[in-house]
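Enquirer: One letter stands for each residue in the lines below.
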Amino acid sequence: MSKETIIEKIWNKHVVYKEEGKPDILYIDLHLIHEVTSPQAFEGLRLANRTVRRPDLTFATMDHNVPTKNVEEIKDKIAKQQLDALRENCSEFGIKLAGMFHKDQGIVHVIGPQLGLTQPGKTIVCGDSHTSTHGAFGALAFGIGTSEVEHVFATQTLAQEKPKTMNVKVNGDLPIGVTAKDLILAIIAKFGVNFGTGYVVEYTGQAIRDLTMEGRMTVCNMSIEGGARAGLISPDEKTIDYLYGRKYVPKDEEAFEALKEEWLNLRTDDGAKYDKTIEIDATKIEPQVSWGTNPSMVVPITGKTPKISEVDNKDEVMRALEYMGLEEGQRITDIDVSHVFIGSCTNSRLKDLKRAAEIIKGKKVKEGVKAIVVPGSFLVKEEAETIGLDKVFTDAGFEWRNSGCSACLGMNDDIIPSGGRCASTSNRNFEGRQGNGARTHLVSPEMAAAAAIEGRFVDVRAYSFA
Amino acid sequence: MEKFIAHSGKVFALNRENIDTDQIIPKQFLKRIERTGFGEFVFYNWRYDDDGNLRSNFHLDDEEYSGASVLVTGPNFGCGSSREHAPWSLLDYGFKVIIAPSFADIFYNNAFKNGILLITLDEEKIEEYTEKSQSGDFNLEIDLKNKWIKESSGEITPFDISEYHREKLLNGWDDISLTLLHEDKIKEYEEREVPVGII
Ligand code: SF4
Numbered sequence: 116m117s118k119e120t121i122i123e124k125i126w127n128k129h130v131v132y133k134e135e136g137k138p139d140i141l142y143i144d145l146h147l148i149h150e151v152t153s154p155q156a157f158e159g160l161r162l163a164n165r166t167v168r169r170p171d172l173t174f175a176t177m178d179h180n181v182p183t184k185n186v187e188e189i190k191d192k193i194a195k196q197q198l199d200a201l202r203e204n205c206s207e208f209g210i211k212l213a214g215m216f217h218k219d220q221g222i223v224h225v226i227g228p229q230l231g232l233t234q235p236g237k238t239i240v241c242g243d244s245h246t247s248t249h250g251a252f253g254a255l256a257f258g259i260g261t262s263e264v265e266h267v268f269a270t271q272t273l274a275q276e277k278p279k280t281m282n283v284k285v286n287g288d289l290p291i292g293v294t295a296k297d298l299i300l301a302i303i304a305k306f307g308v309n310f311g312t313g314y315v316v317e318y319t320g321q322a323i324r325d326l327t328m329e330g331r332m333t334v335c336n337m338s339i340e341g342g343a344r345a346g347l348i349s350p351d352e353k354t355i356d357y358l359y360g361r362k363y364v365p366k367d368e369e370a371f372e373a374l375k376e377e378w379l380n381l382r383t384d385d386g387a388k389y390d391k392t393i394e395i396d397a398t399k400i401e402p403q404v405s406w407g408t409n410p411s412m413v414v415p416i417t418g419k420t421p422k423i424s425e426v427d428n429k430d431e432v433m434r435a436l437e438y439m440g441l442e443e444g445q446r447i448t449d450i451d452v453s454h455v456f457i458g459s460c461t462n463s464r465l466k467d468l469k470r471a472a473e474i475i476k477g478k479k480v481k482e483g484v485k486a487i488v489v490p491g492s493f494l495v496k497e498e499a500e501t502i503g504l505d506k507v508f509t510d511a512g513f514e515w516r517n518s519g520c521s522a523c524l525g526m527n528d529d530i531i532p533s534g535g536r537c538a539s540t541s542n543r544n545f546e547g548r549q550g551n552g553a554r555t556h557l558v559s560p561e562m563a564a565a566a567a568i569e570g571r572f573v574d575v576r577a578y579s580f581a
Numbered sequence: 512m513e514k515f516i517a518h519s520g521k522v523f524a525l526n527r528e529n530i531d532t533d534q535i536i537p538k539q540f541l542k543r544i545e546r547t548g549f550g551e552f553v554f555y556n557w558r559y560d561d562d563g564n565l566r567s568n569f570h571l572d573d574e575e576y577s578g579a580s581v582l583v584t585g586p587n588f589g590c591g592s593s594r595e596h597a598p599w600s601l602l603d604y605g606f607k608v609i610i611a612p613s614f615a616d617i618f619y620n621n622a623f624k625n626g627i628l629l630i631t632l633d634e635e636k637i638e639e640y641t642e643k644s645q646s647g648d649f650n651l652e653i654d655l656k657n658k659w660i661k662e663s664s665g666e667i668t669p670f671d672i673s674e675y676h677r678e679k680l681l682n683g684w685d686d687i688s689l690t691l692l693h694e695d696k697i698k699e700y701e702e703r704e705v706p707v708g709i710i
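So the protein sequences, as listed, match chains F and V. Quick note, the first sequence lines up with residues 116 to 581 if you use our numbering. Quick note, the second sequence lines up with residues 512 to 710 if you use our numbering.
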């Protein structure tokens with residue numbers, strides 16, 4: 116038999132129909148939806164007198180728009196309208212919804228894995244570009260637009276061009292104090308914001324194997340920031356352990372054993388060929404901080420902002436520095452922050468919060484810095500509270516919020532003010548992303564925590580041992 | 512979907528790379544539940560200052576560009592968020608054709624599904640068009656049937672596009688109807704693979 120990558124294995128298995136010169140029609144196993152990118156798709160169905168083909172393969176939550184404090188009363192009327200629309204649409208079409216106050220509610224890319232909806236070998240789509248997160252489990256998961264959401268509703272399939280395959284090989288081990296977030300930022304810094312355009316990326320190598328499932332989710336999450344619609348990691352025992360006993364994973368031991376077998380067989384065959392392979396040396400990676408307005412504008416904490424004379428894309432760098440209110444050649448450790456945001460589908464899982472809490476335990480947030488923690492899901496919040504993490508954060512001066520996307524995109528009230536400078540564990544540092552005129556620096560939870568305490572960026576490697 | 516066969520229009524050039532969908536349509540406008548009405552908010556934060564006044568350093572609203580319907584821009588256009596509000600807002604504003612050295616994957620699909628023609632040309636040509644458009648009076652005629660772009664000087668530039676996308680635009684086909692032609696295959700698949708529902 117020919118040797119195949121996991122990408123080809125999943126793809127080929129899901130092809131419903133194939134015709135020369137046309138995209139394949141691909142079956143979709145799991146369709147996750149949320150309030151922002153679904154209303155127009157439901158409306159389209161109604162207008163065309165169509166229905167949802169497989170409501171039982173569809174799962175909805177509310178995350179982008181929900182308030183994370185004073186949740187009882189949604190003041191924003193238009194946001195409320197959107198949330199109400201989702202509720203009504205789900206009930207009309209028979210779709211399971213984990214809405215506000217539901218124990219399964221949370222950021223769509225946090226709850227999928229947490230509930231065991233995300234499983235190896237599945238094709239998973241969602242009207243959100245960070246759907247790549249689910250690839251951490253060896254699923255083929257990618258973001259789609261609203262027309263495609265409607266297409267999946269109506270047909271449970273998507274017409275997709277077969278993507279090229281890329282191996283992102285991470286050699287060696289990550290040094291102590293360097294996280295999955297630093298790794299993916301370093302990858303994007305090295306290869307750029309569109310290295311993955313047209314590809315599905317598989318992350319391989321020792322450093323990837325050594326990551327926790329949470330770390331793998333962080334890496335796959337940001338695939339889209341490198342232009343790849345999907346990024347995934349072949350399943351192994353860690354994947355299996357994580358999924359065992361989750362709500363929507365079969366409880367029957369025999370059934371689970373059979374699934375396990377199937378899942379592990381998805382692994383890329385030894386010697387399988389990719390269309391392209393790129394490599395990075397993990398041992399050289401340091402904690403990373405983004406300085407600019409796209410996720411490739413990133414340097415190590417020991418570094419400086421670029422010098423205009425030393426870069427090719429002078430206009431872009433100049434614009435970015437100006438927007439960010441930074442000088443060229445400025446030391447990263449000399450940058451003060453006014454805000455800290457720990458949350459988002461990149462870094463808001465229990466392990467992320469634990470690691471941040473370790474840094475701040477017994478310390479105080481620097482005066483003048485506004486720091487918030489937004490757990491990724493209702494359950495993450497509950498679990499964190501059970502082990503007292505909320506206390507650690509609030510004692511240090513952080514605000515402890517309810518789950519949602521929050522300041523990752525600032526659709527609700529959690530907005531960084533114009534000119535505000537935020538150390539953020541999210542995934543996008545685009546202009547205005549966290550608020551009009553807001554300046555975002557992407558970092559790991561540990562780096563964000565340390566920045567909250569010091570009021571500026573510090574090297575967490577020295578910090579945690581101090 | 513409306514058929515797209517040819518289009519002539521004024522060029523507005525936005526000489527920046529990696530324009531993300533957060534810039535095309537900022538999040539505060541994502542709360543609507545309709546597909547229409549996004550046009551006035553396109554590139555909002557670049558066009559308007561904090562007080563809602565037009566910025567003088569962004570030229571989309573300058574009189575000479577009024578009615579522009581062909582956007583010429585830099586590489587990796589439409590990266591970032593998958594929001595289809597981006598093509599909706601561009602189309603609603605009046606852009607029917609976008610020409611760039613490259614596009615982000617999700618945006619590419621989203622745009623075609625809304626009948627916007629995306630054309631990929633090399634950077635030199637883009638630079639040339641950008642320069643010519645500074646006059647505010649640079650028009651292009653785009654012929655999808657024959658796959659060429661014509662300047663008023665008569666100069667013609669051919670372009671490439673997948674047959675699939677071309678046919679779809681020329682005929683105004685919508686994807687769902689196309690896929691449903693193969694509904695029997697979907698049924699067969701479901702009978703064979705038995706996808707397990709969420710219970
Ligand atoms: S947390 Fe941010 S990136 Fe993730 S789904 Fe929500 S808005 Fe998108």
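Everything labelled a hint here was simulated from the structure, so no lab data went into it. Take the hints with a grain of salt, since some may be wrong.
[Said to hold, decoys possible] Here are the simulated DSBU-like cross-link-like pairs (lysine-lysine), alpha carbons at most 30 Å apart as the crow flies: (1) F:K128 to F:K366; (2) V:K643 to F:K277; (3) F:K184 to F:K391; (4) V:K607 to V:K656; (5) V:K643 to F:K137; (6) F:K362 to V:K656; (7) F:K277 to V:K521; (8) V:K698 to F:K211; (9) F:K128 to F:K192; (10) F:K277 to V:K607; (11) V:K658 to F:K137; (12) V:K607 to F:K375; (13) V:K636 to V:K656; (14) F:K137 to V:K514; (15) V:K696 to F:K211; (16) V:K607 to F:K137; (17) F:K184 to F:K399; (18) F:K133 to V:K656; (19) F:K353 to F:K399; (20) F:K279 to V:K661; (21) F:K375 to F:K124; (22) F:K118 to F:K391.
Keep in mind that this is a model prediction, so the values were computed, not measured.
Enquirer: For each hint, tell me whether it holds in the structure or not.
Expert: A quick look at each hint next to the structure:
1. At most 30 Å may separate the alpha-carbon atoms for a hinted pair to count; K128 (chain F) and K366 (chain F) meet this at roughly 25 Å.
2. Our distance criterion of 30 Å between C-alpha atoms is broken by K643 (chain V) and K277 (chain F), whose separation comes to about 38 Å.
3. Of the supplied pair hints, the one linking K184 (chain F) and K391 (chain F) is violated, its CA atoms being roughly 46 Å apart against a limit of 30 Å.
4. For a cut-off of 30 Å, the pair hint linking K607 (chain V) to K656 (chain V) stands: about 15 Å separates their Cα positions.
5. With a CA separation close to 37 Å, the supplied pair K643 (chain V) and K137 (chain F) exceeds the 30 Å bound.
6. For the proposed pair K362 (chain F) and K656 (chain V), the alpha carbon gap of about 53 Å is over 30 Å, so the pair is violated.
7. The straight-line distance between the Cα atoms of K277 (chain F) and K521 (chain V) is roughly 35 Å, outside the 30 Å bound, and the hint therefore fails.
8. For the hint pairing K698 (chain V) with K211 (chain F), the CA-to-CA distance comes to about 23 Å; that is within 30 Å, so the pair holds.
9. Of the pairs offered as hints, the one joining K128 (chain F) and K192 (chain F) is violated, with about 44 Å between alpha carbons and a cut-off of 30 Å exceeded.
10. For the hint pairing K277 (chain F) with K607 (chain V), the CA-to-CA distance comes to about 27 Å; that is within 30 Å, so the pair holds.
11. With a C-alpha separation of about 19 Å, the suggested pairing of K658 (chain V) with K137 (chain F) holds against the 30 Å cut-off.
12. The straight-line distance between the Cα atoms of K607 (chain V) and K375 (chain F) is roughly 49 Å, outside the 30 Å bound, and the hint therefore fails.
13. Of the pairs offered as hints, the one joining K636 (chain V) and K656 (chain V) holds, with about 21 Å between alpha carbons and a cut-off of 30 Å not exceeded.
14. Restraint check for K137 (chain F) and K514 (chain V): satisfied, since their Cα atoms lie roughly 19 Å apart, inside the 30 Å limit.
15. Restraint check: the Cα-Cα separation between K696 (chain V) and K211 (chain F) comes to about 27 Å, which is no more than 30 Å; the hinted pair holds.
16. In summary, the hint linking K607 (chain V) to K137 (chain F) is supported, as the alpha carbons are separated by about 24 Å, within the 30 Å threshold.
17. The straight-line distance between the Cα atoms of K184 (chain F) and K399 (chain F) is roughly 41 Å, outside the 30 Å bound, and the hint therefore fails.
18. The hinted pair formed by K133 (chain F) and K656 (chain V) meets the criterion: a straight-line CA distance of about 25 Å does not exceed 30 Å.
19. With a CA separation close to 25 Å, the supplied pair K353 (chain F) and K399 (chain F) stays within the 30 Å bound.
20. For the suggested pair K279 (chain F) and K661 (chain V), the alpha carbons sit about 33 Å apart, so the restraint of at most 30 Å is broken.
21. Our distance criterion of 30 Å between C-alpha atoms is met by K375 (chain F) and K124 (chain F), whose separation comes to about 16 Å.
22. This hinted pair checks out: K118 (chain F) and K391 (chain F) have alpha carbons roughly 16 Å apart, not beyond 30 Å.
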